[in-house]
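Could you put the whole structure together from the sequences, leaning on the hints where they help?
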Amino acid sequence: METEEIPALPRGVRLHYDRIREIWVLLAPERAVTLDAVGHAILSEVDGKRSFGEITQKLAEKFNAPVDQITKDCTGFLGALRARRFLDVSP
Amino acid sequence: MAWNKPVIREIECEINMYGP
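Each protein sequence line maps, in turn, to chains A and B. All letters in the first sequence, in the order written, are residues 7 to 97 by this note's numbering. All letters in the second sequence, in the order written, are residues -9 to 10 by this note's numbering.
Warning: the hint list may mix true and false statements.
[To be verified] Here are the simulated lysine-lysine pairs, DSS-like style, with alpha carbons at most 30 Å apart:
no.: 1; chain 1: B; residue 1: K(-5); chain 2: A; residue 2: K64
no.: 2; chain 1: A; residue 1: K68; chain 2: B; residue 2: K(-5)
no.: 3; chain 1: A; residue 1: K68; chain 2: A; residue 2: K55
no.: 4; chain 1: A; residue 1: K55; chain 2: B; residue 2: K(-5)
no.: 5; chain 1: A; residue 1: K68; chain 2: A; residue 2: K78
no.: 6; chain 1: A; residue 1: K78; chain 2: A; residue 2: K55
no.: 7; chain 1: A; residue 1: K78; chain 2: B; residue 2: K(-5)
no.: 8; chain 1: A; residue 1: K78; chain 2: A; residue 2: K64
Honestly, the hints are just simulated from the structure, not real lab data.
Spelled out as structure tokens, the structure:
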């Protein structure tokens, strides 16, 4: 994923807290995936306005972690969601 | 909370999809 690209949740896809399992899930029509705390933290920053670079910078500050590591992990994570149509990316 | 590589699991009818 490129620094200037802007990730967004497609229409019909939303974050939801499952009180029974006590986990965050990403819901899409007739599909769902579970998220861990880091996955939820990443998607909480996805607002359809900020670029991938801005999001990884914010996460690096929030977690006090190297931005290179966060960029690498976020690229894999968001790429996996994009491949399954849980995420849109605009240039 | 510390940074860890995020994990995704698909709920079908949980199947690991991505992660460590």
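Verification of the hints:
{"no.": "1", "hint": "B:K(-5) to A:K64", "in the structure": "holds, 16 Å"}
{"no.": "2", "hint": "A:K68 to B:K(-5)", "in the structure": "holds, 15 Å"}
{"no.": "3", "hint": "A:K68 to A:K55", "in the structure": "holds, 19 Å"}
{"no.": "4", "hint": "A:K55 to B:K(-5)", "in the structure": "holds, 24 Å"}
{"no.": "5", "hint": "A:K68 to A:K78", "in the structure": "holds, 16 Å"}
{"no.": "6", "hint": "A:K78 to A:K55", "in the structure": "holds, 21 Å"}
{"no.": "7", "hint": "A:K78 to B:K(-5)", "in the structure": "holds, 9 Å"}
{"no.": "8", "hint": "A:K78 to A:K64", "in the structure": "holds, 15 Å"}
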